[in-house]
Amino acid sequence: MNWIAIGTISDIPRRGARCVATPQGKIAVFRTADDEVFAIEDHCPHKGGPLSQGIVHGAAVTCPLHNWVISLETGNALGADEGAVRTIPVKREGERLFIALDALASRAA
Amino acid sequence: MTEKLVIIGNGMAPGRMLEHLLEQAGRYVVTIFNAEPRVNYDRIMLSPVLSGEKAYEEIIIHGDGWYIKHGITLYKGHKIVAIDRQAKTVTSDHGVTEPYDKLVIATGSVPFIISVPGHNLPGVLTYRDLDDVQAMMLAAQSRAKAVVIGGGLLGLEAAAGLNSQGMDVTVLHVMPTLMERQLDPAAGYLLQRAVEQRGIKVITKANTQAITGNGKVEQVELADGTVIPATLVVMAVGIRPNAALAKDAGIAVNRGIVVDAGMRSNDPDIFALGECAEVGGMVYGLVAPLYEMARVAARQLAGDETAAFVHMDTPTKLKVTGIDLFSLGDFADGDDRQEIVLRDASAGVYKRLVLRDDRIIGTVLYGETSDGAWFNDLKKKQTDISQMRDTLIFGQSYQGGAPLDPMAAVAALPDDAEICGCNGVCKGKITGAITGKGLTSLDDVRAHTKASASCGSCTGLVEKLMVLTLGDTYNPAAVQPMCSCTTFGHDEVRRLIKAKRLKTIPAVMQELEWKTSCGCAKCRPALNYYLVCDWPDEYADDYQSRFINERVHANIQKDGTYSVVPRMWGGVTNAAELRAIADVVDKFEIPMVKVTGGQRIDMLGIRKEDLPAVWADLGQAGFVSGHAYAKGLRTVKTCVGSDWCRFGTQDSTGLGIRIEKFMWGSWTPAKVKMAVSGCPRNCAEATCKDVGVICVDSGYEIHFAGAAGLDIKGTEVLGLVRTEDEALEHIVALTQMYREQGRYLERIYKWAKRIGIAEVKRQIMDDGEKRQAYYERFVFSQKFAQVDPWSERVSGKDKHEFRPMASVGFAEAAE
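Heads up: the sequence lines are chains P and H, in that order.
No gaps in the numbering here: position 85 of the first sequence is 182 in my numbering, and each next residue is one more.
No gaps in the numbering here: position 44 of the second sequence is 1416 in my numbering, and each next residue is one more.
Any given hint could turn out to be false.
[Stated by the list, open to error] Only pairs whose alpha carbons sit at most 20 Å apart, straight line, appear in this in silico PhoX-like list of lysine-lysine:
#, chain 1, residue 1, chain 2, residue 2
1, H, Lys2142, H, Lys1426
2, H, Lys1872, P, Lys144
3, H, Lys1966, H, Lys1573
4, H, Lys1376, H, Lys1426
5, H, Lys1376, H, Lys1448
6, H, Lys1474, H, Lys1573
7, H, Lys1930, H, Lys1966
8, H, Lys1930, P, Lys123
9, H, Lys1376, P, Lys123
[What the hints assert, rightly or not] Listed next, the stretches of chain P that the computed footprint assigns to chain H, with coverage defined by at least 3 CB atoms under 8 Å from CB atoms of chain H:
#, stretch
10, 105 to 119
11, 166 to 180
12, 184 to 193
[As the list claims (entries may be wrong)] Which residues of chain H face chain P? A partial, calculated answer using Cβ under 10 Å:
#, residue
13, Arg1515
14, Tyr1911
15, Asp1914
16, Tyr1915
17, Lys1930
18, Ile2129
19, Glu2131
20, Ser2167
21, Lys2169
22, Asp2170
23, Ser2179
24, Phe2182
If you're looking for bench data, these hints aren't it; they were derived computationally from the structure.
Note that this is a predicted model, so its numbers are computed, not measured.
C-beta: ideal position from N, C-alpha, C; glycine also.
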């Protein structure tokens, strides 16, 4: 896997997210209350809302447009809604964060 | 043939006596003189009022309407100064003289004051009535130091209340352990530890020598030389019967007014009851025997001369949230006595039963008190406990084999087991009323039986009885929880945030036992608002718990871009402002510009990354955020008013601008939109707003609780005020009342419907003190709220919000 550095964990507020711009679109990188890091496509399966702008609770985010709740671990919509976003591999080495775009690129290609 | 019944005093005992008397035929025309300027309220609930867990309105027993309905004349604020037994009249300090056929003296008690030097300095209070509580709450606003003299029931409740109000409290107690009259030393020690864990200091064996200060309280000095700084001293060392008036009239007085078992004094036409009465050589201070006196007196007055008062032991409970304590009967050591003791130090549980001849004569429970009712029942019936002696201390659940669950324990109680100690209501009466009268709610049960209607500590038992009797048809969870993270409703959460002084979201979740680790998108914004509202100076706003619009101070659109609305005060603008907007639109290629319904200009389709630069340019032209995204004050719409319009009666534009400049930046439970119209033609459409003003010749008619969204509803009239200053004060106070009581996302019209339009009017229009207090709290909160969020962000605040973290994978990487 080709790991690309995107910054450090302190760049992201706890219970918050930042975006990473890629040729395939925006990726939302989340940091939970207990410092777990997840990356998913910044595109709600419902109407394409920017998930990076939602409220983060536990390991889930609520979309700011219509309140769908998306699991950060699986990318699946939780509750009664059905749909999923792609998850992106992310790894942490000390403070530094890396994502792997291979999967995204190959599928996009 | 009606007789004149005059009652001196309007406390809980005479109030209860009247309720009993009214059940009989209308033999009497009743007149009451109350030295306090108010109706009858539940005095034992003063501690929850002091701690902020209840409001005065919630502890009223008989409202004004009750007296009117029953044709009772109530003189509020009239102190009786003389009884003329020859002429059979009483006279008040305002000069009202009233003849009586029968007289009831219920003057209660007066707090005992230790006459140390300085006991009359300003800042020394007692703890007796609502005035005392209000004075303490006022003193507590200074967040300064308080000393409570007296470590008994009253003193500890006062200390806990002042502590809840944010004061640094020290309790001085002359005896070696707290509440020594109700608790043995072991329980007293546990209690002291629990009190100290709340941050209240306790000094036992403290002998107060003097209260000193220059013109007001500054410190308390003890006999051992200790000096404790204090700006407030509360004396709670005990009470004595208030019998002076009776004594002056030549009625027999010992410690209290001496009465026979029928509550009659040595003058056959004069009765006494309550804390001022001495019956069988005893005076009483707990509510249960006082209610018994009320019952006896009512029956005597109705002609039943057999009614008689019988002495009874009453359990003592401390009304401090989180401290469970129960004490009953006699628990001194003695040769003829045996005791059973259970201690669980880590759980903070202590139980002690004192036995004589295999019968319970005394009980002290600390930490775990659910078996109190059962022990009380065994003691009252003098049940021989020798058969269950080995397991007695473990409680009712451990008798007869397998432990009972709490519901089965209640089911197993006999019909004559006492459930409500304050009102002496037994199980059979409650279940009988539920089935006989078809009662389905707790309020109904309280209304019909009085069970759990006084101190409320038996509410859980009563609810269990309702479940047992009604089965699944009783749904106690009538309160809608805030969200699935908690069982508490919004109102309870708001109440507990204040009462427990919770000042962060993690503290709320920890103390209120949230079921999720960090809440959800429903509860977090609500909690964040409640904390911002309740602790404006102390709480650090948690932006991660705000909806994106409030986090980035713009409105998110369906494509992920944002719209921006600058303030146009009162909807008024000028060429320079319009030019600046035009320049911003050109520079950032803003695709859409639209006039809003709130008389301002919306720029739509701005990329998030551009927001700080857009705001910088708008800020150069003098614009600030319009909060078009906020659960807060949005717009104040105006018409052109008396400056231009030939019909205008007042300067509606000026008032609108003044309101908006005063109130912008304030957070509210849901959005607040206002309008000011200069005449009843109402061009600003003020009568469908959250708050509206219709100017008229004689002043300003204030409206509120309108809606023109999901629901359509005309406003209610709050009232007419004469000047612009008054209009502003009333509107601000109304908004603050809504800020403090509204549930998150509940618009004003829904809130007002829930608590009652009349109640809002009463507090804002009729109660000047309350209005002033609301106003001042709003002004205080604005000190921290009126910061333009746009200029903050132009200067770099939250800059991470507006930039991508990185750009990767592009042919020419940007970074």
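Hints and how they fare:
1. Lys2142/H with Lys1426/H: holds (16 Å)
2. Lys1872/H with Lys144/P: violated (42 Å)
3. Lys1966/H with Lys1573/H: violated (62 Å)
4. Lys1376/H with Lys1426/H: Status violated; Cα separation ~37 Å.
5. Lys1376/H with Lys1448/H: holds (19 Å)
6. Lys1474/H with Lys1573/H: violated (50 Å)
7. Lys1930/H with Lys1966/H: Answer holds: Lys1930/H to Lys1966/H is near 17 Å, not above 20 Å.
8. Lys1930/H with Lys123/P: holds (16 Å)
9. Lys1376/H with Lys123/P: This hinted pair is violated, its Cα atoms lying about 85 Å apart.
10. 105 to 119: This one holds; 11 residues, not fewer than the three required, reach chain H with a Cβ under 8 Å.
11. 166 to 180: violated (count 1)
12. 184 to 193: Coverage by chain H is violated for the stretch 184 to 193 of chain P (0 residues, Cβ < 8 Å).
13. Arg1515: Violated: closest Cβ of chain P sits about 31 Å from Arg1515/H, beyond 10 Å.
14. Tyr1911: violated (17 Å)
15. Asp1914: holds (8 Å)
16. Tyr1915: Nearest chain P Cβ about 8 Å off; hint holds.
17. Lys1930: Given a least distance of 7 Å, the restraint on Lys1930/H holds.
18. Ile2129: The hint is violated - Ile2129/H has no Cβ within 10 Å of chain P, the shortest such distance being about 32 Å.
19. Glu2131: violated (33 Å)
20. Ser2167: Violated: closest Cβ of chain P sits about 18 Å from Ser2167/H, beyond 10 Å.
21. Lys2169: violated (13 Å)
22. Asp2170: Constraint on Asp2170/H satisfied, holds at 9 Å.
23. Ser2179: This interface hint holds because 4 Å falls under the 10 Å limit.
24. Phe2182: holds (6 Å)
Of the hints listed earlier, those the structure fails to meet are numbers 2, 3, 4, 6, 9, 11, 12, 13, 14, 18, 19, 20, 21, in rising order.
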